[in-house]
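Asks: Sequence:
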Amino acid sequence: MKKSKKILFSFASLGVALSLVSVPFIAAACTQAKSDTELNADSAVKQLEEKYNKEKNSLSDEEKAKREQEIQEFKDAIANKNTNAIQQKIDKFKATKPIIFSAPQGKFWPLMTAVAPIIQYYNESHKHDKDFLPVVLKTQEDIKTFSQTELVNQTIRAFDEKDDEQNISSILLGDQIGASILNSKDRLLDMKDAFNVKFDEKIKDVHSELPGEDINDKSKIYSIPFDLSDTDGLIFNLDVMNKLFEIIKGAGGEVSGTIYDKAVAASKTGNSIPERSPFYAIKAKTTNNLNTMKVTDKTFETFKGVKDFVTQVYENTEFDQTKMGKVTKNGRLLSIDYQGDVFLKELVSKTQEQPKLWNLKANDNAVEKSVIDYSNLKNKESAQAKNFVALWDEYKNSIKHQQIKAADSTVSKPINFQSIQFKENGVIDWGGFDLMRFEAAIAFGAVVGDARIKQSPISVAYHLDAFKITDETQRKAEYSLWTKDEDMLVSSSIDKYSPESKQVFWEGGSSLLAVKSDDEEKNKATINFLNFLFNGKTETPDKKMIDNWLFIAETSGYIVPTAAVVTNDKLQELKTRQTELRSKFEAKAKELGENGKNFLVKDSIRDYLATAVYNLESAIVSLESILKFAKGSAHDTNYVGDSKSVKLAGKISNELLELSQLDANNNAKSTKSGKDVLNELQAEEAKEK
1 MKKSKKILFS
11 FASLGVALSL
21 VSVPFIAAAC
31 TQAKSDTELN
41 ADSAVKQLEE
51 KYNKEKNSLS
61 DEEKAKREQE
71 IQEFKDAIAN
81 KNTNAIQQKI
91 DKFKATKPII
101 FSAPQGKFWP
111 LMTAVAPIIQ
121 YYNESHKHDK
131 DFLPVVLKTQ
141 EDIKTFSQTE
151 LVNQTIRAFD
161 EKDDEQNISS
171 ILLGDQIGAS
181 ILNSKDRLLD
191 MKDAFNVKFD
201 EKIKDVHSEL
211 PGEDINDKSK
221 IYSIPFDLSD
231 TDGLIFNLDV
241 MNKLFEIIKG
251 AGGEVSGTIY
261 DKAVAASKTG
271 NSIPERSPFY
281 AIKAKTTNNL
291 NTMKVTDKTF
301 ETFKGVKDFV
311 TQVYENTEFD
321 QTKMGKVTKN
331 GRLLSIDYQG
341 DVFLKELVSK
351 TQEQPKLWNL
361 KANDNAVEKS
371 VIDYSNLKNK
381 ESAQAKNFVA
391 LWDEYKNSIK
401 HQQIKAADST
411 VSKPINFQSI
421 QFKENGVIDW
431 GGFDLMRFEA
441 AIAFGAVVGD
451 ARIKQSPISV
461 AYHLDAFKIT
471 DETQRKAEYS
481 LWTKDEDMLV
491 SSSIDKYSPE
501 SKQVFWEGGS
511 SLLAVKSDDE
521 EKNKATINFL
531 NFLFNGKTET
541 PDKKMIDNWL
551 FIAETSGYIV
561 PTAAVVTNDK
571 LQELKTRQTE
581 LRSKFEAKAK
591 ELGENGKNFL
601 VKDSIRDYLA
611 TAVYNLESAI
621 VSLESILKFA
631 KGSAHDTNYV
641 GDSKSVKLAG
651 KISNELLELS
661 QLDANNNAKS
671 TKSGKDVLNE
681 LQAEEAKEK
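Residue numbering for the sequence shown follows this note's numbering, starting at 1 and increasing by one per position.
Among the hints, erroneous ones may be present.
Computed cross-link-like contacts, DSBU-like style, restricted to lysine-lysine with a CA-CA straight-line distance of at most 30 Å [as the list claims (entries may be wrong)]:
| no. | residue 1 | residue 2 |
| --- | --- | --- |
| 1 | LYS66 | LYS162 |
| 2 | LYS644 | LYS138 |
| 3 | LYS46 | LYS138 |
| 4 | LYS107 | LYS544 |
| 5 | LYS597 | LYS107 |
| 6 | LYS294 | LYS283 |
| 7 | LYS669 | LYS380 |
| 8 | LYS185 | LYS220 |
| 9 | LYS54 | LYS138 |
| 10 | LYS361 | LYS496 |
| 11 | LYS138 | LYS516 |
| 12 | LYS400 | LYS249 |
| 13 | LYS361 | LYS220 |
| 14 | LYS396 | LYS496 |
| 15 | LYS298 | LYS575 |
| 16 | LYS575 | LYS543 |
| 17 | LYS496 | LYS218 |
| 18 | LYS218 | LYS647 |
| 19 | LYS162 | LYS144 |
| 20 | LYS268 | LYS588 |
| 21 | LYS570 | LYS537 |
| 22 | LYS543 | LYS198 |
| 23 | LYS380 | LYS400 |
| 24 | LYS672 | LYS304 |
| 25 | LYS262 | LYS400 |
| 26 | LYS54 | LYS524 |
| 27 | LYS672 | LYS413 |
| 28 | LYS400 | LYS326 |
| 29 | LYS262 | LYS298 |
| 30 | LYS378 | LYS218 |
| 31 | LYS575 | LYS496 |
| 32 | LYS400 | LYS386 |
| 33 | LYS283 | LYS323 |
| 34 | LYS81 | LYS54 |
| 35 | LYS524 | LYS218 |
| 36 | LYS66 | LYS81 |
If you are wondering where the hints come from, they were derived from the structure by calculation, not from laboratory data.
Required output: the full structure, derived from the provided sequences and hints.
Replies: Quick look at the structure:
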């Protein structure tokens, strides 16, 4: 809406007769609106001329003539005050210098499915705003990397190689490491007071630290917290848990609590453990020690409690060979996503001293005001180093595997059962997917994937459509073996190593990095879009305008952690909204009859409602964790990083992964001890400068 129309509308909405508004006042407003358009047009023409003069020596005569004609037509439109023609040419010019929002995620990943419609709505509804430039989303398919660090490096290279500005990203989905790289190259946009968003103090402080900067100055945010989520949420396959609980009880152990009650309820509804799963054939060993087990909800409140449960079950169970005929899938009791993050989080909780394995410290240098201190890593006698070795060996000793079925005509490889398995993540290897297929009992997993780990419109699209599985019989057969909503329990991440340990919080998700352009118009437009992204509203598929933070929660499961959102009131708002949408979903499913919850048969309204309900479950769980950190005493466990520390963290993750991976001979790829890995990390730290 143009400024003149806005003024008239505001008066009319107040019931003020237009006759009371002075004619000169209205005329002045209209003149101002034209002035803005003319100023934008003059600026566009000037930039087109500058660009043409810079490039004309490399243009063909035909291209020169074309460009000169375009510029002259633009000038003629301005001279003739042809408003429509001027606006069309301004829009065309703006399209040549878009604000590129780049993310190293697939276009069907949760966050991308949320951001894309917000950008589309912004471009349409704000295209006539002053300082507007269109926003273009580029995903992994465009930028060809899943790495946030590589995306930042691509952007820096584009500046160094003097790439065309229209091809350089203005907003990156990244992290603190990326912010550090951009800052070191003077390419991190300083938004000062123009970015009108407030964050909870504890969350803001996490994003106000950067190597080289003053550690006592928390006034500036370097990486903008954007899409937070538990990446190590505690997730259960309730049917498998019920089977394990019944085995424990049958052997004389005790089981009670809310989780047990939900497992019993799930065993009477939803889907059952299929015959292809190892859990179909699991049973207690003839001689076992399960009678000493006492399982309650507290068992699952600490990392150590879960691992002890897994170890006891693994050591005291075996497989009924009379039921193994149709077993074709590997199994594991506990699947863990993002194992490096989980390990470092546990390490901080286990170590009572405040500092981490490496920390940011003040540096007596006017330019480089802070540096990362690796003394705890280098000192084998530090509490952090000792606990690193102890925790590593604890995992190493807990990770066990056994072959439960030899390769035969039904399976090309031996079928294995593991106590704990770390996941590679990427496209297909996630703990939640193991749970969905009844191939795991518990996961420390990414809760944002809730809609993808049970029968849902999203899981059909992700696991069947994306892999071009079109045969109807095959689709029905596979779909029928997945969990239903009532078979799953998703809860907040564990926040203690043991009952005596300190409470901790790992900030899962990503940040936004605003890139400083040499074009001030792009910088202004970047800030304008970011303000809309955090403060604006977008239309939902059911034609309702809702805040963008809520839109993102409904369409992806992520939490945008502004100070206004990180409150108990907003948590209740999410729960109320979920209840409202669930009622609509159930009513629509009932209306559809026998295919009401058969997501192989598509229905746009029901599919939107179901997806929103499941995504809100993810958002609720994550906001509960964020609130425990923001309003409680939990310690932040995320590590400040630079190019050296990102390699060290990557090594920890890769070495953990190999502890649970099996080689071609069905042996563990790695048997390294905690001491071995610590020595290698120390050598890596000394080598990297």
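Asks: Each hint needs a verdict: does it hold in this structure or not?
Replies: Results for each hint:
1. LYS66 x LYS162: Since the Cα atoms of LYS66 and LYS162 sit roughly 25 Å apart, the hinted pair holds (cutoff 30 Å).
2. LYS644 x LYS138: holds, 28 Å
3. LYS46 x LYS138: holds, 29 Å
4. LYS107 x LYS544: At roughly 24 Å apart (the allowed maximum being 30 Å), LYS544 and LYS107 satisfy the hint.
5. LYS597 x LYS107: holds, 26 Å
6. LYS294 x LYS283: holds, 18 Å
7. LYS669 x LYS380: Holds - the C-alpha atoms of LYS380 and LYS669 are around 26 Å apart, at most 30 Å.
8. LYS185 x LYS220: holds, 17 Å
9. LYS54 x LYS138: OK: LYS54 and LYS138 at ~28 Å, within 30 Å.
10. LYS361 x LYS496: holds, 26 Å
11. LYS138 x LYS516: Holds, because 18 Å separates the two Cα atoms, which is no more than 30 Å.
12. LYS400 x LYS249: Status holds; Cα separation ~24 Å.
13. LYS361 x LYS220: Measuring from Cα to Cα gives roughly 17 Å; hence the hint holds.
14. LYS396 x LYS496: holds, 20 Å
15. LYS298 x LYS575: With a Cα-Cα distance of about 25 Å, the restraint between LYS298 and LYS575 holds, given a limit of 30 Å.
16. LYS575 x LYS543: holds, 21 Å
17. LYS496 x LYS218: Distance ~27 Å between LYS496 and LYS218 Cα, so the pair holds.
18. LYS218 x LYS647: Judged against 30 Å, a Cα distance of about 27 Å means the pair holds.
19. LYS162 x LYS144: holds, 20 Å
20. LYS268 x LYS588: holds, 24 Å
21. LYS570 x LYS537: holds, 16 Å
22. LYS543 x LYS198: holds, 28 Å
23. LYS380 x LYS400: holds, 28 Å
24. LYS672 x LYS304: holds, 21 Å
25. LYS262 x LYS400: holds, 28 Å
26. LYS54 x LYS524: It holds: about 24 Å lies between the C-alpha atoms, which stays within 30 Å.
27. LYS672 x LYS413: Holds, because 26 Å separates the two Cα atoms, which is no more than 30 Å.
28. LYS400 x LYS326: holds, 24 Å
29. LYS262 x LYS298: holds, 15 Å
30. LYS378 x LYS218: Judged against 30 Å, a Cα distance of about 29 Å means the pair holds.
31. LYS575 x LYS496: With Cα atoms ~26 Å apart, LYS575 and LYS496 stay inside 30 Å; holds.
32. LYS400 x LYS386: Roughly 23 Å separates the two Cα atoms, so the pair holds.
33. LYS283 x LYS323: holds, 11 Å
34. LYS81 x LYS54: Distance ~28 Å between LYS81 and LYS54 Cα, so the pair holds.
35. LYS524 x LYS218: holds, 24 Å
36. LYS66 x LYS81: holds, 23 Å
When each numbered hint is compared with the structure, no violation occurs for any of them.
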